[in-house]
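**Student:** Residue numbers (my numbering), protein chains in the order written: chain G, 1 to 111; chain R, 1 to 115.
There's no promise every hint is true.
With a cut-off of at most 25 Å between alpha-carbon atoms, the simulated DSS-like pairs for lysine-lysine come out as follows [as the list claims (entries may be wrong)]:
id : chain 1 : residue 1 : chain 2 : residue 2
1  : R       : Lys68     : R       : Lys58
2  : R       : Lys68     : R       : Lys102
3  : R       : Lys49     : R       : Lys69
4  : R       : Lys68     : R       : Lys107
5  : R       : Lys58     : G       : Lys94
6  : R       : Lys58     : R       : Lys69
7  : R       : Lys102    : G       : Lys94
8  : R       : Lys107    : R       : Lys58
9  : R       : Lys102    : R       : Lys49
10 : G       : Lys94     : R       : Lys107
11 : R       : Lys49     : R       : Lys107
12 : R       : Lys49     : G       : Lys94
Rather than coming from a laboratory, the hints here were simulated on the basis of the structure.
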Amino acid sequence: SQTIHQWPATLVQPVGSPLSLECTVEGTSNPNLYWYRQAAGRGLQLLFYSVGIGQISSEVPQNLSASRPQDRQFILSSKKLLLSDSGFYLCAWKARAGELFFGEGSRLTVL
Amino acid sequence: AQSVTQLGSHVSVSEGALVLLRCNYSSSVPPYLFWYVQYPNQGLQLLLKYTTGATLVKGINGFEAEFKKSETSFHLTKPSAHMSDAAEYFCAVSDGSNRDDKIIFGKGTRLHILP
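Chain G with its partners taken away, still in its complex shape (with noise of 0.2 Å):
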């Protein structure tokens, strides 16, 4: 059966420091992989999603960016963090049939 995982699972970080966030999916060949953020009162915000190796998607102009150098990973990058990069970061797999299953989620605090 296929399954997901994200790390870490939480993160607290300074302004201006770095981020990396991973998610790697197992048990599915070449699956989409998205990347949501989630905001109190603003639910889930697509922000980057991938239909293959290398190919990323951006939905929103922001301080992120996303990586896909293997089949079953995804990577959340930023070189510099903002206090508005605060949120629970949710990756998710597409399955055929068109619904998503998510990962555990990542909770960033940005200092």
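We have chain G already, so just place chain R on it with the hints.
**Tutor:** Using the frame of chain G, we list chain R on its own:
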């Protein structure tokens, strides 16, 4: 482009009462529609989905939703609320033809269950 509107950021119902969470969508192509549930500090879990066929869809935990094309709605219901249903619920839409890989979520509705 698709969009989703969830009416009511907070809904409170008494234990045993009917649960109704509202979702309206906008899509220029036949949509796929989803409801997800999120418990605190966890990822989202799929409750149910509509792709094609029967418009009344049954999901886990006794929830169901009905796709009404004429009303562009996909409201979530449960006949009798349980304390364990307290969570945040998200409606989502995607392009059913899969030409567009984006899946768009509503802002969510937090369901409170009153004893």
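**Student:** Hint by hint, note whether the structure agrees.
**Tutor:** Checked hints:
1. R:Lys68 to R:Lys58: Status holds; Cα separation ~15 Å.
2. R:Lys68 to R:Lys102: With a Cα-Cα distance of about 22 Å, the restraint between R:Lys68 and R:Lys102 holds, given a limit of 25 Å.
3. R:Lys49 to R:Lys69: holds (15 Å)
4. R:Lys68 to R:Lys107: Roughly 21 Å between the alpha carbons, so the hint for R:Lys68 and R:Lys107 holds.
5. R:Lys58 to G:Lys94: holds (21 Å)
6. R:Lys58 to R:Lys69: holds (17 Å)
7. R:Lys102 to G:Lys94: holds (10 Å)
8. R:Lys107 to R:Lys58: Measuring from Cα to Cα gives roughly 23 Å; hence the hint holds.
9. R:Lys102 to R:Lys49: holds (16 Å)
10. G:Lys94 to R:Lys107: holds (20 Å)
11. R:Lys49 to R:Lys107: Measuring from Cα to Cα gives roughly 18 Å; hence the hint holds.
12. R:Lys49 to G:Lys94: The hint holds at about 13 Å.
The earlier numbered hints are all upheld by this structure, with none contradicted.
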